[in-house]
Amino acid sequence: MASVSQGLVDKSSMVLIGIYGQGTNSMDNSVEKYSIVPYAGKFPQPVEYNTAIHGMQQANIETLLRLLQGFPNFDIKAYIDEKLGGMAGANIPRGLIAMWNGVSVPDGWALCNGQIVEDLQTPDLSGKFIVGWSSGNEDYNLIGNTGGQEKVTLSTQEIPSHVHNFADAYFIEAHSDLVGANGTQWIGNNLSGSNKTDRDNSYVCLWDHDTRAAGGGQPHENRPPYYVLAYIIKL
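Under my numbering, think of the first position of the sequence shown as 3, with each following residue one higher.
A portion of the hints provided could be inaccurate.
Claimed, not checked - What follows is a list of derived Cβ distance ranges for each label pair:
1. I161 <-> V107: 21 to 31 Å
2. A215 <-> E160: 16 to 26 Å
3. Q117 <-> S163: 47 to 57 Å
Said to hold, decoys possible - Keeping only pairs whose Cα atoms sit at most 27 Å apart, straight-line, the calculated DSSO-like set for lysine-lysine is:
4. K130 <-> K236
5. K130 <-> K153
6. K85 <-> K236
Since the hints were derived computationally from the structure, they do not count as laboratory data. Beta carbons are placed, not taken as given, at the ideal position from N, Cα and C, and that holds for glycine.
Whole structure, please, built from the sequences with the hints as guidance.
Structure representation (structure tokens):
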């Protein structure tokens, strides 16, 4: 066995870090056998029981057994899970925003609903889309800018240029031909006064027309297809 003097370990001796016997695997409650594992270099190397026990005094093994009996029952799986859970968010920067498909917000995160949590002002992203930052666009060159509308009512200037077709009435020009008794046109000479009058093309008439009004002026849907997730922020 290794000897310890004034806090120093005699490296010429063999250091035991395990002992042969039976125990319960805390992960699946199965019964397993263990062997003595001596320290040999950087990593421990398992050695068969008969080899490891060779040259050792029985008193040393009994001493080690008494020491091991003083350790409490230890759940290795629970310990590893706890450490891994702590490492999961160790490298996530504060203020990182992610999308969450769950009902409850995970520990160490907060919902992005405008509240202040642990001195962190969360952005209010309720019912909003996210747009990427862009230095060349004044709408998108400042973090926290907002804009857009869920529904839009178009104005006249926003409607594309177009024409409307409509039917116009045509009126026959007035005339005053002399007509005979049987409906035939009267033709004669040396008549007193004018025998025909025609006002065609004598005047220029301008007619203003309006088409019938159509449409209800209601706003239309202005959003693309969507799927709802929750935005959460790292505390």
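Cross-check of the supplied hints:
About 45 Å separates the C-beta atoms of I161 and V107, a value inconsistent with the hinted range of 21 to 31 Å. In this structure the hint that A215 and E160 lie 16 to 26 Å apart at CB holds, the actual value being about 18 Å. For Q117 and S163, the hinted distance range of 47 to 57 Å is satisfied, since their beta carbons lie about 48 Å from each other. Of the pairs offered as hints, the one joining K130 and K236 holds, with about 19 Å between alpha carbons and a cut-off of 27 Å not exceeded.
With a C-alpha separation of about 13 Å, the suggested pairing of K130 with K153 holds against the 27 Å cut-off. With a C-alpha separation of about 19 Å, the suggested pairing of K85 with K236 holds against the 27 Å cut-off.
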